[in-house]
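Residue-level listing of the chains:
There are 2 protein chains.
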Amino acid sequence: MNQHNQQFKKIDNQDIAFFRKVVGDAFVLTHSEALTNYAKDETPDETLRHLPEVVVKPKTVEEIQKIMRYCFEKSIPVTPRGAGSGLSGGAIPAQGGVILSLERMNRILEIDCENFIVVVEPGVITNEINRKLKEFGLFYAGYPMSLETCQIGGNIAENAGGGKAVKYGVTGHYVRGLEIVTSWGEVLCFGGKTQKDVTGYDILHLLVGSEGTLAIVTKIYLRVLPRPRERAVLLCPFSSIEAALRTPWLIMGELGVVPAAIELMSRQSLEFAYQYCDSTYPFQEAPCHLLVEIDGQSEEEVFSVYRLIGEKLLAEGAQEVFVADESSSAEEIWKIRRAIPEAIHQTLPLEINEDVSLPLAALQDFVRFIELLSKENNLLAPFYGHLGDGNLHVTLAPLKSAGWETLEPELRKKFYQEVKRLGGALTGEHGVGLKRKEYLPLFLGPAELRLLHKIKQVFDPKGILNPGKIFPEQVTPKE
Amino acid sequence: MNQHNQQFKKIDNQDIAFFRKVVGDAFVLTHSEALTNYAKDETPDETLRHLPEVVVKPKTVEEIQKIMRYCFEKSIPVTPRGAGSGLSGGAIPAQGGVILSLERMNRILEIDCENFIVVVEPGVITNEINRKLKEFGLFYAGYPMSLETCQIGGNIAENAGGGKAVKYGVTGHYVRGLEIVTSWGEVLCFGGKTQKDVTGYDILHLLVGSEGTLAIVTKIYLRVLPRPRERAVLLCPFSSIEAALRTPWLIMGELGVVPAAIELMSRQSLEFAYQYCDSTYPFQEAPCHLLVEIDGQSEEEVFSVYRLIGEKLLAEGAQEVFVADESSSAEEIWKIRRAIPEAIHQTLPLEINEDVSLPLAALQDFVRFIELLSKENNLLAPFYGHLGDGNLHVTLAPLKSAGWETLEPELRKKFYQEVKRLGGALTGEHGVGLKRKEYLPLFLGPAELRLLHKIKQVFDPKGILNPGKIFPEQVTPKE
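Protein chains in written order, with this note's numbering: chain A, 539 to 1017; chain B, 539 to 1017.
Next comes chain A alone, as it looks inside the complex (with noise of 0.2 Å):
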């Protein structure tokens, strides 16, 4: 079987005219230029974009289950999606059919301090799960950098990381629960408020980071942590790339200390994300910056700890460390350190934009990788992430125009084969979506892909659901 090659049913009047009985007139949208607003998410490779032949807007769980039925029985696919923040094309609907967009599902149903959880709906905005939790002194310790656009539901699509995993994990370790509706339109429910659950297999788990093709998730449960009283960012300029890829190490096997994030932008990524800005800075000419965030409940925990891991900065390749120990202060320098992947769109039209996560040690010879493609080829490289996990963003551009088109596929079938040798994975937390999906046979073999197929098909029979993603369109699993 090949789900790719199967015939999905093309959406008719009829099929409309379902949808506008179930979720209302205003919520189904046919006009194609409002289509135009779906076919794409924040993947900047413009080969990445598809028209739904309709948006549907449902406001329940029921009426997800209603329109789940109807496609199942009908073959329809159906994509859904969140903020359309993503960088893997996840939430562009591949083989048309219908968008279920869950924006207007975006209540916070639930703060329950007493148990650590927030119930949410899957179109909540991230960060206002935590401008809520602010004043019962929680916060949720999962969210992404892209916090203030994209949406809970898509940060459990994709198992978002972000730039507190160092200390906090990633999305998936704060799911306790989840509501979700099947292909075939049943609402499952698995976990809830209990804090550890071992009760059959971990669904919750393999749930999160599918990308939507094995459900459409309607009501997450969250565990919520204490919100950290105090806090310092310290911003270090390095006088060596070499030395600053070693910080993991030191901070975290000599000091022992585990801070809540270790950053890395290269030179030519901050340059940008500062003209971007508008802004200046000191220490223009060092290859990297770093950015370590240290937290905790008191000011002097946070200061002695800032202080040891400053002076053994210092004494390891750091030109100076700057201290934002106010609130404002530190929010300026994430404020640049999030700009960043903008900055260098706006810069770099043209260009691959990849999400390598790799083992700590292997990242000195990446680097080096990078520095000698980008040498051979004529690009400019510049590359930043979370460098506290060996989650690195890198792009690849080149100088001019001519001759992208040959080269670009060139460069990533390099870049993927060194990443592959170095022991890294494919993606670290944009997920495979439509853009990597021809480059995960280099990561999993055919026996591992063919029992990701089947899990699929458990979930999916039909594969209506986010069609064309993450499995290669040449999978054709043996039966």
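Where hints are given, some of them may not hold.
Since the list gives no way to pick one copy over another, a pair counts as held whenever it fits inside one copy or between any two copies.
Cross-link-like lysine-lysine pairs, in silico, PhoX-like; alpha carbons within 25 Å at most [as the list claims (entries may be wrong)]:
| id | residue 1 | residue 2 |
| --- | --- | --- |
| 1 | Lys757 | Lys958 |
| 2 | Lys670 | Lys705 |
| 3 | Lys672 | Lys850 |
| 4 | Lys992 | Lys612 |
| 5 | Lys672 | Lys705 |
| 6 | Lys597 | Lys670 |
| 7 | Lys951 | Lys913 |
Hints listed in this document are in silico derivations from the structure and should not be mistaken for laboratory results.
The hints should help you fit chain B onto chain A, whose structure is shown.
Relative to the frame of chain A, chain B by itself:
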């Protein structure tokens, strides 16, 4: 299809000869005395005993492949087994066949400090990992209470929790890669030395906690952390259980501190444990004692946190706060805590011994229920466990044995109905196994169970892997 009615092949001399050829004569056990050792685990219930037909002890993944291919071909059931220290009958060969004992696969293959990864075989005693890691200033934080006897493979099978899950999470949080052999004898690998990876579905977490019913785990990549340099254990007798049950909120919610452990021990539990350890203790009349562990990188940090917690607890019902800030005295307290299960079992051989996980706010109601149930039925009801996670171990034992056989199933049913009513889980860390499978339908609906069963079929189409576990007998999935 009903997996439990299927006919498995009985093992004959030809099969034995094959196993001997694969692993060597010395590692195939058939004598009834030897088999008896593999007929049970640490579950007190004497009805949960089943003899294997043969015990096979492979040394390599290749041997396991050969065994699985053969057993798949011949439809011979295979039950993987670690130390047999489980508490749900998970390692008991419920339908005979082969016990695949992983005790000889007991090597720590690699301690990769730079990548904060340790690579181990499944038969390594869990505590051995931390003994080896100590000299590198690292530790594996996912270890359970039975660390001195259990094996890491068993921890993976059950997604074991433990005393420090409040701060550090359970086993699954540390699993970064697995090598497995499938029921049909194929070797698959997922993950590795990266800290973040969203390449395809999260098969790692699906395997963790699958109780040996999906695959044989042959190699494990664990994330390790900097070892906390300082620790302190507080032991606090409480004047009321109600007050003690509020402490997770007081410590984490009001003080904003996440300690490594918040353990509760009821008066009766402690009494049995001190008797068992032939030791005495102050405040014997206190309805319960709390054990709170704080760890950190500096003495000052740990001191300031434990002083804060100590003062809070004294103000909120603790009769005294004993501080153990030396490693040896801290271990003395943990030793008593760890002795409780065995002490209870020695004193009360007739017992129901459960592992409930509840939302923290439901604990008051739950304890009142236990008190009422034990009063109405003339029971002893010692309880103890991981209060900070809402994961308590409750024993119900009759004062006189007459009538227990009839009373026991009634009590168990009432017990689980109440756990369900309070939003709890069937099991927090011990697993479903053989012991709890009949109660699974109380906690997972028919649709959820069908989904689990289909996943089982993907991994184990012939139902030969640890048959008779997790799924209740009466499950007959719709196809």
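Checked hints:
| no. | hint | verdict |
| --- | --- | --- |
| 1 | Lys757 - Lys958 | between (36 Å within a copy, 20 Å between copies) |
| 2 | Lys670 - Lys705 | both (22 Å within a copy, 24 Å between copies) |
| 3 | Lys672 - Lys850 | between (33 Å within a copy, 23 Å between copies) |
| 4 | Lys992 - Lys612 | both (22 Å within a copy, 23 Å between copies) |
| 5 | Lys672 - Lys705 | both (20 Å within a copy, 21 Å between copies) |
| 6 | Lys597 - Lys670 | within (22 Å within a copy, 54 Å between copies) |
| 7 | Lys951 - Lys913 | within (17 Å within a copy, 70 Å between copies) |
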